[in-house]
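Given chain C's structure and the hints, the job is docking chain A onto it.
2 protein chains.
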Amino acid sequence: MNKIDLKLLMKIAGMDGTPKGAFNIRKNSQLESRASSENIIITSKTDQPGIDIHIKPGTKKESVHIPVLITESGIDEMVYNDFFIGEDCDVDIVAGCGIHNDGPECSQHNGIHTFYVGKNSRVKYSEKHYGEGDGAGERIMNPQTVVHLEEGAFIELETVQIRGIDSTKRYTKIIAGKDAEAIITERLLTHGKQSAVSEMDVILDGEGANARIISRSVAQDSSQQTFYPRMIGNSKCFGHVQCDSIIMGDAKIRSIPEISANCADAQLVHEAAIGKIAGDQILKLMTLGLTEQEAEEKILDGFLK
Amino acid sequence: MNKIDLKLLMKIAGMDGTPKGAFNIRKNSQLESRASSENIIITSKTDQPGIDIHIKPGTKKESVHIPVLITESGIDEMVYNDFFIGEDCDVDIVAGCGIHNDGPECSQHNGIHTFYVGKNSRVKYSEKHYGEGDGAGERIMNPQTVVHLEEGAFIELETVQIRGIDSTKRYTKIIAGKDAEAIITERLLTHGKQSAVSEMDVILDGEGANARIISRSVAQDSSQQTFYPRMIGNSKCFGHVQCDSIIMGDAKIRSIPEISANCADAQLVHEAAIGKIAGDQILKLMTLGLTEQEAEEKILDGFLK
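Protein chains in written order, with the numbering used here: chain C, 1168 to 1472; chain A, 1168 to 1472.
Note that these hints are calculated values from the structure, not bench results. Some clues are possibly wrong.
A pair counts as met if it fits within one copy or between any two copies, since identical chains are not told apart.
Listed below are the simulated DSSO-like cross-link pairs for lysine-lysine, each with C-alpha atoms no more than 30 Å apart in a straight line [to be verified]:
| hint | residue 1 | residue 2 |
| --- | --- | --- |
| 1 | K1403 | K1360 |
| 2 | K1360 | K1228 |
| 3 | K1403 | K1465 |
| 4 | K1403 | K1419 |
Isolated chain C (complex conformation) (with noise of 0.2 Å):
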């Protein structure tokens, strides 16, 4: 791996070389490098591209990381990850992508993520979004993350795109069993032309489930941004979505979440609010020392962090 593969797996994955225990790093659609433990066996698809992730049964406080790099321009690959999580676990799932293109032509990564969440067992999952280089080629990021949730099992998915994405459609879908609980929480910041879709479904479908959704973005320059998180109650359960944005420049922002309840014993509360950063806490800022342009960077920070 080069200095580029090694700063994206940083911004990426928080990695500094090759992790502890289980991982698996594509690069430029080619499998890079590879590791299983005991507990955590991944294998290559014979079917289609991706991997299986099998975690045993009680396999607690192991992680593996799965990054991919794209380095090369004109690359566009559609990757399929399933994950088997057993009972009772406790793991924490590091994904994310990076590309850096130089040259003239789009590069591309689609990835459909499904997760099957045994009994009890405790997920986390972090997601992160990154792109760089100097060509006029785009670069693309469409995810899918599908997460089934048996009775007990927990989730919390954090998504992350900071910065040189021209374009991404996301979509995640949680439907979650009796007791099962998803914390979901993704930050977004677009600039320049960019444009970013993020459509959710969350189906509490259990009794007892509850969900918590927190959106927060920034969109800069002529960036477009549409939100659409869907929050479903079938049962006795808590669903709870807020979304917060703040539009800069000439900016557009639309926010279309949903609460559907199916069920007298659902709960369900959303929150969206779209503004620019308040005057006053820039001022407050500038009187501490600091310019305009880095009071609002501090101030986008603390609210993307």
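Showing chain A alone in chain C's frame:
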């Protein structure tokens, strides 16, 4: 007018006989009675069913009542009413439709109301829908309301549908100019197998425009409700959407709002909640001597007031 007519008039327009000022009473698709005033002139349209209401500039503290009664089974009407309100007015407009259907056939009222509200004018518009009768025939109301607000104009739009309407599809559109303001209050109760769909587009076009949507609903039995309140900010403006629903029995409620900012100085906020009546609220009233059902009714009354 007979006893049923008078009861309906009281229910939908708070009218105890003939009102003061201008009015137009429509009954079973025919003109029942009409009066213009010096400043408010009502004329029948010549090209299609409906009336034109011209309100002279500077008209203040006057009102116009335009209730619609349907007491026959099998009526299906489409009515176009246009309101031309001059500058610097301050008027109350009371509409509403009551259907008493004792027969086997469906009785249906479709109304399209269009308002042109002149510079700096204030309008209070209220519209109540009510249905009754022992027949198997359905009672259906599909109102459309379109409001053009000129610079500095204000409208308070209050719609109420409480009991008796089997099916309703409401559409409300407001286009607000510079410094114009709209307050939209919607109250809706459905029961039995009723269905209600309410769609709104509030377009904040002018600088300084602001709008609030306050929607409160109760869905009982196996009734269904769907809400699409949309607020679009095209300039420096402020918009607030608030939807609260109480769900009971086997009812279903979907709330699909949209806030869209096309300008960095647009500030838009949305809040929605769906849930059942809090158990401790009922308990508290029961300790004061109310039965459970009385407590429930008391809470619903308060919620829809």
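Each hint tested on the structure:
no. : hint           : in the structure
1   : K1403 to K1360 : between (43 Å within a copy, 22 Å between copies)
2   : K1360 to K1228 : neither (41 Å within a copy, 52 Å between copies)
3   : K1403 to K1465 : between (41 Å within a copy, 24 Å between copies)
4   : K1403 to K1419 : between (37 Å within a copy, 13 Å between copies)
Figure legend: structure checked against the earlier numbered hints; the only hint not met is number 2.
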